[in-house]
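Asker: Read off the chains here:
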Amino acid sequence: MTALLSVRDLTVTYRTSQGEVPAVRGVSFELEPGGSLGLAGESGCGKSTMANAILRLLPAGTTTTGEVLLGEEDVLTMKPGRLRAVRWTGAAIVFQGALHALNPVQRVIDQITEPIILHKTEPDEKAAEKRAVDLLGQVGIPANRAEDYPHQLSGGQRQRVLIAMALACDPDLLIADEPTTALDLMVQAQVLAVLEKLRAERQLSMIFITHDLSVLTYVCDRLAVMYAGRIVERGPSDQVFERPTHPYTRALAAAFPTIGDRESRMNPSGLKGDPPDPAALPAGCPFHPRCPDAIDRCRDAEPPLLPSGPAQEAACILARP
Amino acid sequence: MTVVVGDRKRQRWVEVAREFWQARSGRIGVIILAFFVILAIAAPLVAGTDYINPVKARAAGLPQWGTPAEVGPLGTDHFRRSVWDQFVYGSRISLLVGLAASFLTILIGSAVGIVSGFVGGKLDSALMRITEWFLVIPFLPLAIVLAAVLGRSLLNMIFVIGITSWPSTARLVRSQVLTLKQRTFVDRSRSLGGSGLHVVRQHILPNVSGLILANTTLAVPISILTETTLSFLGLGNPQTASWGKTLEEAFVNGAIARNAWWYYLPAGVGIVLVVLAFTLIGQTLEQIVDPRLKDRR
Amino acid sequence: MNARFAIGKVAGALVTLGFVLVFNFFLFRVVQTDPVATLFRGRNIPQERLDQLRAEFGLDKPLGGQFVDYLQQTAQLNLGLSYQSRQPVWNEIKSKIPATVALVGTSAVLSAVIGTALGVAAAWRRGTKTDYSITTSTMLFYSMPDFWLGMLLLVGGAIITGIFPVGGIIDAGSSRAGIGRLLDQAHHIALPALTLTLAYLGEYAIVARSSLLETMKEDYLVVARAKGLRDIKVRNRHALPNALLPVVTLSAINFGFVLSGAIAVETVFSWPGLGKATSDAIRGPDLPMLQGLFLLFSAAVILFNLIADLVYGRLDPRVRT
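Heads up: the sequence lines are chains A, B and C, in that order.
Each residue of the first sequence is one higher than the one before, starting from 0 at the first, in numbering that gives the first Met the number 0.
Each residue of the second sequence is one higher than the one before, starting from 0 at the first, in numbering that gives the first Met the number 0.
Each residue of the third sequence is one higher than the one before, starting from 0 at the first, in numbering that gives the first Met the number 0.
Honestly, I wouldn't trust all of these hints.
What the hints assert, rightly or not - Simulated pairs of lysine to any residue, SDA-like, Cα-Cα distance not exceeding 25 angstroms:
#: 1; chain 1: C; residue 1: 8; chain 2: B; residue 2: 124
#: 2; chain 1: A; residue 1: 196; chain 2: A; residue 2: 181
#: 3; chain 1: C; residue 1: 232; chain 2: A; residue 2: 169
#: 4; chain 1: A; residue 1: 78; chain 2: C; residue 2: 231
Hints in this document: simulated from the structure, not taken from any laboratory.
Only a predicted model underlies this, so the values are computations on that prediction, with no experimental measurement involved.
All chains should be built: construct the whole structure from the sequences, respecting the hints.
Answerer: What follows is the structure, encoded as structure tokens:
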């Protein structure tokens, strides 16, 4: 079965006054139709950059190399016209920070019908509006709120509007970038439920990005953990969460309480230190300065992804099955 | 305790000064301003006081409308007076009124802003009402009306400009005070038993002073331009020469038709340069004091 | 739009106007202790006649009564007699309104449109030579006294090159009518309008530029691109409507400045409007005229502020709900 999305050796470099800064350093993964991949890591590890890179949404001044195959076509080498056509119809993004992702002076329904009308996925405007109202209903927003402006909705409602908006043109792939981060636990659960429901109903492929590992196990089959611009562990989500083999994953898993598990809330273990500066990465394994299990050999070279369990890989020389 | 705080404050100002000098706009502004300040102070050394006395000028045999080629360095006017003298002494008035009026503006504006923001409640609403009113009313007609009623003098001019310009400062300072009030260190100070005045002096003032300083330097251009306009319209003190008055006399006595460019150009150029200088200084200060503005460049 | 919002704004405007009336009354009562004597100074009039006139003018009443008289008279547009012409102030003012409306109207519109366009252009090409030259030249014009700029343009445009007339609104002794007259007036308005426009477009350029720079950082622009919109559409449909909101607010404030600027500029160009009337009234001092003109200027600015507030409410949904 051909993969829906195939990312090969994706590298993103920013050009700054201090020189070149690598935000993503050779990321590769595949996603089958209907599959869901969770992408976890602290802020600054490059996950949002990678998400934006898939649809070439990075600002000017960035260099992207590698391959991003959507079906058979490479997004990175598409002509501008084809790229614009593929955006939102092939893959759509649910951005984080819903208040800023919505145009404050445009009604919610118009923001959903905009891509429909642009890509002509409905025959006319009326049909587009009907579809928009349908989508809002599916994410739990009543029809009488469709004409509202973003500031009139609550944070959770705005986030759900973003989801409805992302589904407007029935994309094959949905990339959700931190969709629940700014929300409180109750609303978080609601939004996750909506996403799971939609995924099941539409056979939607999904990439779910967050820094909260526990959230990912609900929605995703597979999990990948990023650190300093690279994937450092991946595998089936339950397995990676319950049996993390990379020290960073272990720390991440312990740092966040599981939804519904009171005991884990009482004992979060924060990671000490700060994420590394992408412009000045430590020698060898970039995690070794903060790693509780680090040994001398860790300073020598950056370990590649090696098998660390059934269908599980980790970029750590100490992680062996 | 006080020694440490004092040192830190001085260090901060040294840092500000250094950052200021590094910015090209700041440097240019200061250099231009320095030139005119020196000119104004050294007026008796570089120019004579005969500028206001046509009788003396006639007695000295100066021609009417003398070009700079005939009578250096800036020629003479309709009354045979030296334009250069008027220019040099005029700089004094423009700078003096500009600074004094701005000082008054900032004084009233900051006082109102701090009190209004800090005390809050009904006093705040009342003061803001008054401020709003001043902001809507067109300031020049107001200044004209006040000047016409109060009479022509330098003091009145300073008062009129100060009185019509304080509202925008008040509003700016008030919003800054409101932001500061929400910060915990103010609450902590109060819970420790600090009286209102103490809190204002120790915590509010130091954090607002940077903003006030930047605002002052930006208020000077407005004061100078207002003074120039009021003098041009005939509301200045007839005894003292200011750049605005020079322009008025030039215009009224037909310097335009006669092409007597040496009469109406220098005063205008002087105003533009001084205003530019203060604007550059003010903008540079503003960028240093409010780091958010740095991205705007 | 919310009716409560509109009513609130109108009420506010009326209150402000009320304060202007009070201020006007008391300011001039402070100076004009005996208007009758001032009005008829230089004329040989017996004392009883003066007393009789005082009673006629209601000057023997207490201050409160005089204020009520003042309000009634103002409502009936009885603004007193001009010292200089002995004609009713309102008649003098009325005849000069059209000339100033033409000049200030043209200049206010031109400065807004050109200034904003320059600001947008500067922001879009931020950091380039275009940006730099626009920002420095607008700052330069802004630093000039408006009437001095007028004098320079007068010299350059009329005295030296003879392209434009030296002053007035029509050629003296001209008996043209209809289109010919209109063209003549347009010919005369060119230089003063150019002066006011150049002097006051600076603020628009600065505000438009910085507002657009702020808006360009917003996330919803990335979302618009992600939907597949072309860059131009993103700018025109999403960036500009948000970025130009502060310009609307500015137009209210700037109108006051342009109107005030007309006072000195009309004088330089002998433009027979309210500005020149003010300048002439200062020479007296013709206090009734100044009082009437101040009232009119204030009312005009208050009205314009009200219109701008209501327009802004229409454009920015966050304000009116």
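Asker: Does each hint hold? Answer for all of them.
Answerer: Taking the hints in turn, this is what the structure says about them:
{"no.": "1", "hint": "C:8 to B:124", "in the structure": "17 angstroms, holds"}
{"no.": "2", "hint": "A:196 to A:181", "in the structure": "21 angstroms, holds"}
{"no.": "3", "hint": "C:232 to A:169", "in the structure": "22 angstroms, holds"}
{"no.": "4", "hint": "A:78 to C:231", "in the structure": "17 angstroms, holds"}
The structure shown violates none of the earlier numbered hints.
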